[in-house]
Each structure stands twice: as structure tokens, then as C-alpha cells.
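J.: Once you have looked at the hints, place chain L on chain A.
In the order they appear, the protein sequences are chains A and L.
Residue numbers for the first sequence follow the working numbering, beginning at 5 and rising by one.
Residue numbers for the second sequence follow the working numbering, beginning at 5 and rising by one.
Check before you lean on any hint, since a few could be wrong.
Identical copies look the same in the list; a pair holds intra-copy or inter-copy alike.
Unchecked claim - For lysine to aspartate or glutamate, the following EDC-like pairs were computed, each having C-alpha atoms within a straight-line distance of at most 20 Å: (1) K412 / D47; (2) K412 / D40; (3) K360 / E349; (4) K108 / D368; (5) K108 / D59; (6) K335 / E142; (7) K360 / D377; (8) K335 / E511; (9) K412 / E440; (10) K108 / E330; (11) K335 / E121.
Since the hints were made in silico from the structure, they are not lab data.
Protein chains: 2
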Amino acid sequence: MTANLGRIVIDDIRPSTPRGHPAKAAVSEAVRVSADIYKDGHDVLAAQVQWSGPDGKWSAAPLRELGNDRWEGVIEPTTVGRHEFVVEAWTDAYATWRHKATVKLEAKQDVGLELEEAARMFQARQGEVTEESGDLLEEVVRSLRDQSMSPHDRLAPALEPEAARSVSGPSGAPDWTESGPMPLWVDRERALVGAWYELFPRSFGGFRGTIHRLDAVAAMGFDVVYLPPVHPIGRQHRKGPNNTLAAGPDDVGSPWAIGGPEGGHTAIHPDLGTVEDFAALVDRAVELGMEVALDYALQCSPDHPWVSEHPEWFHHRSDGSIAYAENPPKKYQDIYPINFWPESEDARVALWEACKEILDVWLDRGVRIFRVDNPHTKPVAFWQWLIPAVQQEHPDALFLAEAFTRPKVMAKLAEVGFSQSYTYFTWRNTRQELEEYLDELANGRAADYMRPSFWPNTPDILGGPLRNGPPSAFKQRVVLAATMTPSYGIYSGYELCENAPFSDANEEYLYSEKYEIKERDWDQPHSLAPFVTRLNDARRRHPALQRLRTIRFHHTSNPTVIAYSKRSDDGADVVLTVVSLDPHNVQECTLSLDLAHLGIGWHRSFEAHDELSQETFTWSGPHPYVRLTPDQVAHVLHLRTGPGDGPP
Amino acid sequence: MTANLGRIVIDDIRPSTPRGHPAKAAVSEAVRVSADIYKDGHDVLAAQVQWSGPDGKWSAAPLRELGNDRWEGVIEPTTVGRHEFVVEAWTDAYATWRHKATVKLEAKQDVGLELEEAARMFQARQGEVTEESGDLLEEVVRSLRDQSMSPHDRLAPALEPEAARSVSGPSGAPDWTESGPMPLWVDRERALVGAWYELFPRSFGGFRGTIHRLDAVAAMGFDVVYLPPVHPIGRQHRKGPNNTLAAGPDDVGSPWAIGGPEGGHTAIHPDLGTVEDFAALVDRAVELGMEVALDYALQCSPDHPWVSEHPEWFHHRSDGSIAYAENPPKKYQDIYPINFWPESEDARVALWEACKEILDVWLDRGVRIFRVDNPHTKPVAFWQWLIPAVQQEHPDALFLAEAFTRPKVMAKLAEVGFSQSYTYFTWRNTRQELEEYLDELANGRAADYMRPSFWPNTPDILGGPLRNGPPSAFKQRVVLAATMTPSYGIYSGYELCENAPFSDANEEYLYSEKYEIKERDWDQPHSLAPFVTRLNDARRRHPALQRLRTIRFHHTSNPTVIAYSKRSDDGADVVLTVVSLDPHNVQECTLSLDLAHLGIGWHRSFEAHDELSQETFTWSGPHPYVRLTPDQVAHVLHLRTGPGDGPP
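Pulled out of the complex, with its shape left as it was, chain A reads as follows:
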């Protein structure tokens, strides 16, 4: 005989991950918990979710049935760290009885036994409740047994809501069943919501110069300043401008060729400044309400100290040389990949610990966000160990995966611990591509644990409509990124509409900042900085834009215009974004709005306030007309229903 068989099936619990790693949520996020719940027969069930965080206190929230045996409830974690939740279900004896008794009474069948059974049910609870409730229960029992009254009257007090409450709940339910504990990692809010700005500090004269630039970055409304690697750069096989093989003596090299005589991943490039300068940068960012994110790129230049100190951490060729990075026929002689599985288990342990120690150093220096370079070229098992190990000590540490790789690998990295992921946004340009991709990100299985971050550009990627593109294209792509996902970022220069591609062969920039210092005129009149500022301001003021899963696409009569709305967790804030995908021509359309999702009655007029242009439109019905131009590429519309001012 099998022991402890569950009497109620509780199945397919979400949020969850395929292999039991924690699902993800952020503090103050409303997390929908759902499960298949059913049992044999016709009993009425009840269910709830209990959850607990690092403080060990348990809270409960009811689940309600959505149909097709699916139940759902909402929990709102308030602290950072590892949580778990448990789904519980039981037969609601009261509701089951109530259904039976009222149906029989209606059919004029005898309910004598039902009345007595209820009397016993209420009586059994009397021992468990307060005196006041006890009086109520006594009254209910007396009525149920009062043969001088009609069955209808005898039943009435037992049907009152207060009576129902007194006998509901799992207490004493013989088939009370609970799921196993489900892990949920709760991050601070920045894991879910944030506007990132990437810049190369050397183009601003190092950390001290960058500190001066921070005011402008903060004024644009960014939350995170992300720096490419700040470490010494190798000399051997250093790359010259435009990724040429022979660097001149003054060429600065790629920051991703990490390590030189001055040190490796914990050292700072002397041209950027000192540890104190870095601390000043971090402090100034905090003063401005921002924080600094650092690159975590686990690879070495041939001059990295590890190469001589730990040759066992690298791949060796048959002639004894260390293997540089290759993807034949391409060669990257300035980079030695790390061998994450050296033959000796001791060497592996030492290497993995050394990789963690790098993070420990930067965590000590106040960094809490790491943008991880090419995590998909390192073992999944490494991240699966590293990230939880770091977050156990620093639950506020966040990791953004630069995993521009196959979909399953990207999702698996998120599953084993990454807080955020770069995405395929750069390669999703048409309305259909964007709608399908957002649907997958917001509603797909991986939405329980993968948080997308949309980047219109990176130092590696000048893509699609931005290549030789007009300012309107830059506006369109940044509106999409900033309003589709709660987390997004741009690489500096975007606001100046830098659009020169290196060639048609790849997506690199011409004169890429990866290989040289760039000086820019930030104050040029056509800068998109004011536009970006308005976008980030709208993101901050609208909780609707700080969530992903509520996204809903609305049909438009013109395939080059895309429209989507989002709601805040409490439904009070609704933002409708309409974007033209054509950078060159005027595009007009009528929308077909799903008014129910927008919380607007069919017969009411409503106001749509554009957070970009500050115009306010008064619309009525589901088919407003919209006209977008290369100058005005989008509306980011805060929807408000006026009080009773709609047509009848």
C-alpha cells in the first residue's frame, strides 16, 4: 500500500521552472500562482497558497477556479531572498452541503437529513472558535434543528455569509492535500524594472571624467550605468581600430581582452583611475539615484596573470601552446578562453572559486549588478553553482545574461539563476515578429523565470532599421524597447543616432568604440536626449510600464503600426502605446481596441494623454484614428475615463 497518497490532485503549479530551480519574482510584484486542482466526484473544493520568505513567516492567499480545473491566486512578496510556496486544497464541506441542500429544497425534496448533517457540521466547529462566533454557531444549530419551522426557515441562518465563514477553511478537512514546496526567488525591484545606459569610461577620460557625465545620464532618467570591463588590457595580439590585427603603440585595445602585467579581473586599468576613483563613481551614481553595473567577462588576454599562474585553467594544444579562441575559420588571438573543466577536479574547484572571488572583490567595492559576457560559452553547471552561491551572501546581486544564442540555451541560463536576459529584440522588426515574440516572453513557459531586457543597440550590434537609418528609426526602436519590457537599455551614442555600420557582413559599428576612444558632442541640437528623457519619465510615473505580463496587443488597420496596452498590477494604471514601424512615411490607421482589457466601458468616452507630446485626445469607442509621422513616431498614451461624460 502506498503511504500518504494525495486525495486531491494538485498539478502543473506555476510559477515554476522545468527542473526545480526557483521561479522568479520581484519585491512588490503581484505574482500569479496557479495550479490544476481536482478530485474524484462532485464535491466542491477550496484552495489556497501559503508562502514564506527569509523571515520564516507564512502568509496565505485564496485561490479561485478559473475553469477547466485551473485555479489561481495572487501573492505579493515583500522581502528579497529565497521564498517557497505551497498550494493546498481541500473539500469545502460547507459549500458541498450548501449546494446539495439548496438544490434539493428547490426541487421540493426532503432535506431532513441535510439539516441534521449541517447541524453536526456547525456543532463540531464550536470547540474551535471564539466565544462570539460560538454564539453564532449555537444559533445556527438551534435553527437547523427547530422542527417547528419550515425547512426553508431552518436553513436560512446557515446560509448567511458569517455562518459560512465560520465553517470554511481547511481545518479538519479529511482530504486536505498540499503540494510539495515550490521555490521562488524574490529579487529587488531593479531585477524587473530599470533603464540602463552603457558607456565606455575611457571615452570620458576615465572614472573621474565619467563622474561628470553622470549628471546628464541621470537627467535622462536612467537607473543603471553599465560599464564594459574596466580591467587592464592585454598587449599581445591587441586589436587596432576596426578590429584590425595590428595595433599601433597608441591603440587602446578591446576592454574584453582582459588582463595585463597590472593585473586581471580584480584590477583596474591604470588609464581609468584608481580603486578610489571607482568608489567615487559608484558613490556619485548612488547620489543621483542610479547604480553602476559591471561587465563580468570570463576570458583572458595572453597577458593575464592567470595564464602563467594557472596554466591548468586553459586549453592546451599538442605543441604545448595555450589555445586562443577560434570559431574556424575565425581566430581571436587576443583572447584565451578558460577551460572550465580542467582534468583535475581540484583545479576545477580552484578555478570556479577564483571566478567567484572576482565577484566578491567587486561586491566589496559596492557593485551589485553584473552584466555577464557570453555566458552560453561557459558551462550551464557553472552558473547553476555560481549565481545561487553569490546570492546566498548577497541577495541583492543581479546578473544580466548576454546570451545571444539559441532559444533553449537562453532560457536554461535564466532558469539556473540569471536575473535578466538580453533577447532577440534586435532582430524582431515587423509587427508580426514583435507580437509573436512578446507573446512568448510574456506568456510562454519561460516567463516564470526569464526576464527579458530589450536593447535597441549594443557596442556589438547596430541592427536592422538603425543601419544608416534616420532619427525616426532610432525613436521607434527606443519607444518599443522602453515600453514593451520593464527593463531596457541603450548603448551611449544611440541618442546621437550613430548609424554607420562597419560592413554588410556583420552588425558591428564602423570605428567601433570597442577598439578606440570616442569623443562625442553630447549637446548637438538633434540629440534624442529630450525624447529619451520623456520616455524614461513616463516609465517611472506609470506602474503599467513596469510590468511585462499584462501586455495585450490590439489590432490596427495598418500592418506597419503596432499597438499594445499594459496595466499595473492593481489595474488602476493603463498605458496604450502606438508605434509606427515605418521610419520614412506617414502612416495612418484605425485601432481596434480591446476595451475590456483597457477597463473602459463600450459606451464611454475616454481621454488618451500622450506622455511624449503632452497632447490629450478624447476618444469614444474601440476604433480611434491615429496618424503617425517620421517626426511623431509614437504615442505613449495614459488612458483615463472621465466621470460619466460618455455618450449614453
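T.: Below, chain L alone, put in the same frame as chain A:
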């Protein structure tokens, strides 16, 4: 440090079930095993599946990549019983090297190190192989190191298939990774393929009379004769004809009101015969190549011996009476449901064992197939215990679930052990309904463990187009059932086109055989018996019709004509079925055949031989014309390509 971290991700393995219960296969069925397999970086992977059955011997089959990191292979279990399979993956060092070396050679890069690395790789294998292979390896190594030849010539012998084979395989791969063991229950073929015929033995004068009828049933080509309960029938509250409440003294009652003074679930109704008569029936069925299936209906009439012997196995009301079945306001006073979770754990264990003992008795009497009545009104946990317990002793025992209930409950019962399930077929009538439903059954997640059985009618269900329907409707529905799913069944009387509904309020038959004895004229001239015989004959001769998962729908120009093809596991047998869904009118259409799925070249003509009419059509191209009438409702077409007789 985490121990035993897998270096390769092996994920989402199928076939599998949501909660770790065994997936299902049948002996001689080609089972597709698939998994997501990937690792970091660019190495070329290899993978295989190893499987083992009750004999403990392991076999292996290779997996190949389908794209998007999905790998697939095929295993063919040959014995009945519990199997397990393990997916294994490793870096194919040879293929990885080969890719690198050949690309570099093509790009005219230096391959000196690659040649030496290959020499070492081949050399390392010399210790592990036979002498003959050893000679080959020595030759390869000599060539790789022969500096007098060009790199191209040095490489050539190492690229030969025989050389490749000698260094492939998981042996010595440092990142060799295996999945956990995946359980697979292998049934005998009848679990997957079979034509069932349901009959009430009392309408043939009991078991002896039924034995006479078996010749005709076998002649129609059926594999299984399924009998409703054969036990004593209760007297208290016995139902009269047409489910009336007051039975007369001669009324026979419902066979599902099980139990009387003569005994319960292990006894035989005296009017049907003796244990010896039953044995004779079972033996005669076997002689005719059929087998007998029995009903397993866990409920009791008020006269069942358990009611007095084990009152603790039933639900009690507040007045001490035993609760009869109710679904308010409906009452079923002739049935006492069993309480599968009595308060005492001892009572529960005794009850469950008693339920199993019923099966043991009938297994002893030679029954191996049980059609289970309303399993969804008994706890899932009960079946989860019962079926594996029975199959451990009798791996050839099969259970068909009559779970006409919600989709998730139906799937869960299949998951925990049922061999087959009745389905929603009866309520799927339009082309869209049928196509969507078959797609779900053949390709949905539950296809790994739920085997559908299609029944156009049952004693409980005279549905849809059959109600007052013409013979053409009966032909259409039985063609669909017999050709869509490998397992199907009809309830006797179907071939006589019995079409009189009890009312519009439910799907019952008028003068249902459930409540009275029926005498029929089996030899009437308009019987569909010859039609059913041809159908069953086609099913037996065509392996394509014995599989579900290969089904593919083809577009037709007329929405009331449905067309679908199936292939045998080896692809050699292809059957295309075209059915009109209109019982009243002639319907014409052109098909849009997916010729690739049919294994037919675009420019070839092919023969389509109708197994129902014995006509042969010669078609060319994907758009043949089809005309169906109320007389000729369908084609079941065996497709054959002639040798070289197509247009150029």
C-alpha cells in the same frame, strides 16, 4: 561545490508523463525518444538512448539532431513489462576535430596542430579495439604524421567512415552525461490496436447463447468482446424498462446495480450461467482469435454482500442509513457508491485490497482486459496504486477507462496507469472539431501516455448524427472511429443502425438494453455487418491503420469532407481515408494532398485502392477529385506508387 554536475544539458525528455509515472508503448511499436540536448560552446555533440526491459538487457539506439537543440531516436521494445530508458550525450571529439580541421584546410590555414591532435586521438583508441581495427588506426596515425605528404593527403585516411567509426562513441568522452532513468511501460499490442464489440450476454440467453453469437462477431473481424457486468443484480430499487423507478417482477434490472443474495463482484448472475459456462465463453473467444473483456464497476446495489459485511466501506447519513448515489436533484437509489477513504486506515486498506481481489478472481478465470466504469468518481490515488499492483503480477492486464469527464481528469487517469481511454469522439462531429481533437490526441503532451479509443456508440450514448439518423451516418461514424484511432469499438445493434433516442434531454437509447433484454434480427438485409467486416479487414491488413501518431490531415475543398493519411512505422504502408460528414447529400471536392507525407513524388502517378469498394483509382498530382454519396460515404485508400509509370 556541487558534485556530479552534468556538463551537457539533457532536458524535456519524451515520452514521459508530468509526474514521473511511466510513459506507454506497445510491443513492436516504434517509440520516438527525444530530448533537448546542448552544451556551452561550439563542440559537436553525439547522443544515444539506452533502454532495458524486464530481462535486464540493455540496447542502444542513436539520436540525431532535428534542429533547435532537439534530438530524436527510435526504440522498439519487444517484451511486455516495465522498461526504462536513459538518454546519453557526449562531445563527439572526432566530429568536432573534423569540422575544425576541414574548415581550416579549406581556408588554407595551417593545420599542423590539428593533424598531430588527431594522431593522438586515434592512437589513444588503439588499446581499446580489435586487432583488425588496430591496423587501421595505425595506418591513420602514420598518415597523419607523414610530413612528406601534403596536409590534404595526410588528413584523407582519418576522414574515411571506417576511421570515424573507430573513434566515435561515448568511450572516454570526459563530458559524457546521462539523464536519469525514464520509466516506460510496454503493453502487449492489444493495448494499442484492437476492434471491440460490446454485447449484453443476457440478450443472447446467457453465456451459452453468446458462445453461438461469437462466430458472427469474429467473422466481422473484431478482436475483443466486451461484456457489461455479469454479476447478480440487486432487487431493492431495481429499475424498470426505460429507467423507470418501479420494476415489475420480471424486469431484469441494470447489470451495473451489482450484487444480490447470490453474491457480489466475483459472482455470476444465475441467469447467465456458471463459472464453467463463462470459461467456455472465454475459451471459444480465444479459439476464434478474440478475447473477452469484462466490466469493472466499483459500486454496489443495496443487496450486495459488502453492504452488510462491510458497512464501513460506504457513506452513512446522519440517520444511520447508507447514502445512495445522488447528483442533486437526481437520485440513484439502486446504487450505493463506495467510500474509498473510510475514516479508519485499516478499513481503507482492506477495501482497496478487496477491490483488487475482485480482479484477481477474474484474472484467474482468464480475463485480461477490464473496461472500468466511471473511474473518475473514484480517487486517482486508488488507480495509481491498483493498476501497477495488478500489472506487476499480470503485465498483460489492460484497463480501459470510461472517464467521460473533464480533460485534465481524463489525462491524469491515463497517466497513473489506464491502458486506454474512452474519448470525446462522440461529441466531435465537424471537420474542424475532428481535426483539432485528433491533433491533440496524436501530438499533444498526453499522447505519451494516453491511448484513445473511439466509440461511435455505447449503451449510454446514442449521440449526434446517429439520433434518428440514416444508415449513411452510421457508416460515416464507424469509418472515422475505425481509421482514426488504432483502437475502437461499437456496441452491438450499431450494425443494425438502431437510432431511436429516449428523448432530447439526454443521449440514452429508447428501450435501452441496460434495463431489458433485447432480441434482434441479426440477418436483416440492410445490416452494416458486411461494411464493418471490410473495415476491420482493412485495419488488420494495414499497419498504417494500427498507429495513431503518424496521422496527417489534408485539406479538402469542401468543409464537409475530411481527409487524413497514416503511415506504418516503417513508412512502407500508407492509407488515405476520405470521409463525407454529410449523411444526406452527395458531396464532391478536390483534395490538396501533402504528397511528401504520403511518400509520393510530385510528378508521379499513383494508385489508390479503395478497401471498401475494391475500386482502384489512378491519380496524378496533389489534387484528385473525390465524389461521395450517402451510399458510398468514404474511401479507405491504400496508396501505391507504380514503378516509373508517372509523367516526367
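J.: Indicate, hint by hint, whether the structure satisfies it.
T.: To see whether the hints hold, each was checked on the structure:
In this assembly of identical chains, the alpha carbons of K412 and D47 lie at most 20 Å apart only when taken from different copies (16 Å versus 41 Å within one copy). For the homomeric pair K412 and D40, the shortest alpha-carbon distance between copies (8 Å) is at most 20 Å, but the shortest distance inside one copy (26 Å) is not. When the C-alpha separation of K360 and E349 is checked against a cutoff of 20 Å, the pair qualifies only within one copy, where the shortest distance is 17 Å, while the shortest distance between copies is 53 Å. In this homomeric assembly, K108 and D368 never come within 20 Å of each other (Cα to Cα): the closest approach is 70 Å inside a single copy and 45 Å across copies.
For the homomeric pair K108 and D59, neither the shortest alpha-carbon distance inside one copy (49 Å) nor that between copies (58 Å) is at most 20 Å. For the identical chains of this complex, K335 and E142 are neighbours neither inside a copy (85 Å) nor across copies (32 Å), given an alpha-carbon limit of 20 Å. For the homomeric pair K360 and D377, the shortest alpha-carbon distance inside one copy (15 Å) is at most 20 Å, but the shortest distance between copies (60 Å) is not. In this assembly of identical chains, the alpha carbons of K335 and E511 lie at most 20 Å apart only when taken from the same copy (18 Å versus 73 Å across copies).
Taking the closest pair of Cα atoms, K412 and E440 come within 20 Å of each other only inside a single copy of the chain (17 Å); across copies the shortest separation is 27 Å, beyond that limit. When the C-alpha separation of K108 and E330 is checked against a cutoff of 20 Å, the pair qualifies only between copies, where the shortest distance is 10 Å, while the shortest distance within a copy is 78 Å. When the C-alpha separation of K335 and E121 is checked against a cutoff of 20 Å, the pair qualifies only between copies, where the shortest distance is 18 Å, while the shortest distance within a copy is 81 Å.
Violated hints, in rising order: 4, 5, 6; the structure is consistent with all others.
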